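> Here is how the chains run, residue by residue.
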Amino acid sequence: MGGKPNKGTKADKRLKKNHKKKQSKSVSIGAPTATNKIK
Amino acid sequence: MAVEHTMYGAGLKNMLNGSIGNIGSSGTELVTLSLMTSAAVAALDLSTDEYWADVLANQVSTTYCGSTDYSTADGGKPLTGVSLATTGMATLFASSTDVVFTTTGTVKAWAGVLRATSYLVSFIDFDGEQKSENGTFRVNWNSSGIIRFSVTT
Numbered sequence: 507m508g509g510k511p512n513k514g515t516k517a518d519k520r521l522k523k524n525h526k527k528k529q530s531k532s533v534s535i536g537a538p539t540a541t542n543k544i545k
Numbered sequence: 002m003a004v005e006h007t008m009y010g011a012g013l014k015n016m017l018n019g020s021i022g023n024i025g026s027s028g029t030e031l032v033t034l035s036l037m038t039s040a041a042v043a044a045l046d047l048s049t050d051e052y053w054a055d056v057l058a059n060q061v062s063t064t065y066c067g068s069t070d071y072s073t074a075d076g077g078k079p080l081t082g083v084s085l086a087t088t089g090m091a092t093l094f095a096s097s098t099d100v101v102f103t104t105t106g107t108v109k110a111w112a113g114v115l116r117a118t119s120y121l122v123s124f125i126d127f128d129g130e131q132k133s134e135n136g137t138f139r140v141n142w143n144s145s146g147i148i149r150f151s152v153t154t
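Going line by line, the protein sequences match chains A and B.
Quick note: the first sequence, position 4, residue 510 per the numbering used here, numbers continuous.
Quick note: the second sequence, position 46, residue 47 per the numbering used here, numbers continuous.
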């Protein structure tokens with residue numbers, strides 16, 4: 507009771523670090539049709 | 002603003018005068034998609050830009066992309082699975098295949114340029130910065146095609 511909060515073992519910290527490294531983001535850009543009217 | 006796609010003014014001229022060859026599936030003229038910086042958007046001039054050399058300086062570089070994720074030397078990626086077909090009064094240039102620059106990398110771009118070798122065809126404004134991080138950077142084509150010409154009477 508009232509002790510220091512458990513910050514996790516070294517393995518926990520390594521896991522957290524690796525998880526951070528693996529963060530990824532993908533993007534898909536929808537290109538609309540270029541429309542041209544000839545009259 | 003949304004993503005916008007517009008032809009360069011001289012693009013049609015260079016298609017009609019033969020400077021740009023057959024871009025359809027049986028043709029030999031490769032259409033390439035190049036990725037561009039925000040400077041390209043700021044400097045965009047659809048009425049005077051005609052050649053790749055006019056806009057090349059604003060292509061993305063390793064400042065924005067992993068060196069294996071985008072090849073500045075290649076100037077982008079060629080389109081595959083292309084077709085050119087006329088239905089009634091409309092002619093459609095299309096591709097069945099999205100352009101994927103990387104599936105595991107980092108690419109940052111603000112726009113795309115479609116060109117046939119050194120001739121500019123069209124400009125795609127990505128509506129701001131688009132970025133992949135350790136992931137996929139993909140440009141997917143509208144189901145209605147990439148470029149459509151329709152003749153009205």
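Note that these hints are calculated values from the structure, not bench results.
Quantities reported herein were computed from a predicted structural model and do not represent experimental measurements.
Where hints are given, some of them may not hold.
[To be verified] To list a few chain B residues with every Cβ distance to chain A over 12 Å, as calculated:
1) Gly25
2) Ser26
3) Glu30
4) Thr104
5) Ser133
6) Thr137
[To be verified] In silico DSSO-like links for lysine-lysine, alpha-carbon gap of 30 Å or less:
7) A:Lys531 x B:Lys14
8) B:Lys78 x B:Lys14
9) B:Lys78 x A:Lys519
10) B:Lys14 x A:Lys519
11) B:Lys78 x B:Lys132
12) B:Lys78 x A:Lys545
13) B:Lys78 x A:Lys543
14) A:Lys519 x A:Lys543
15) B:Lys78 x A:Lys516
16) A:Lys531 x A:Lys543
For each residue, glycine too, the CB sits at the ideal point set by N, CA and C.
> Please go over all the hints and tell whether each is borne out by the structure.
Cross-check of the supplied hints:
{"no.": "1", "hint": "Gly25", "result": "holds (16 Å)"}
{"no.": "2", "hint": "Ser26", "result": "holds (18 Å)"}
{"no.": "3", "hint": "Glu30", "result": "holds (17 Å)"}
{"no.": "4", "hint": "Thr104", "result": "violated (8 Å)"}
{"no.": "5", "hint": "Ser133", "result": "violated (5 Å)"}
{"no.": "6", "hint": "Thr137", "result": "violated (4 Å)"}
{"no.": "7", "hint": "A:Lys531 x B:Lys14", "result": "violated (40 Å)"}
{"no.": "8", "hint": "B:Lys78 x B:Lys14", "result": "holds (24 Å)"}
{"no.": "9", "hint": "B:Lys78 x A:Lys519", "result": "violated (41 Å)"}
{"no.": "10", "hint": "B:Lys14 x A:Lys519", "result": "violated (62 Å)"}
{"no.": "11", "hint": "B:Lys78 x B:Lys132", "result": "holds (17 Å)"}
{"no.": "12", "hint": "B:Lys78 x A:Lys545", "result": "violated (33 Å)"}
{"no.": "13", "hint": "B:Lys78 x A:Lys543", "result": "holds (28 Å)"}
{"no.": "14", "hint": "A:Lys519 x A:Lys543", "result": "violated (60 Å)"}
{"no.": "15", "hint": "B:Lys78 x A:Lys516", "result": "violated (44 Å)"}
{"no.": "16", "hint": "A:Lys531 x A:Lys543", "result": "violated (38 Å)"}
Violated hints, in rising order: 4, 5, 6, 7, 9, 10, 12, 14, 15 and 16; the structure is consistent with all others.
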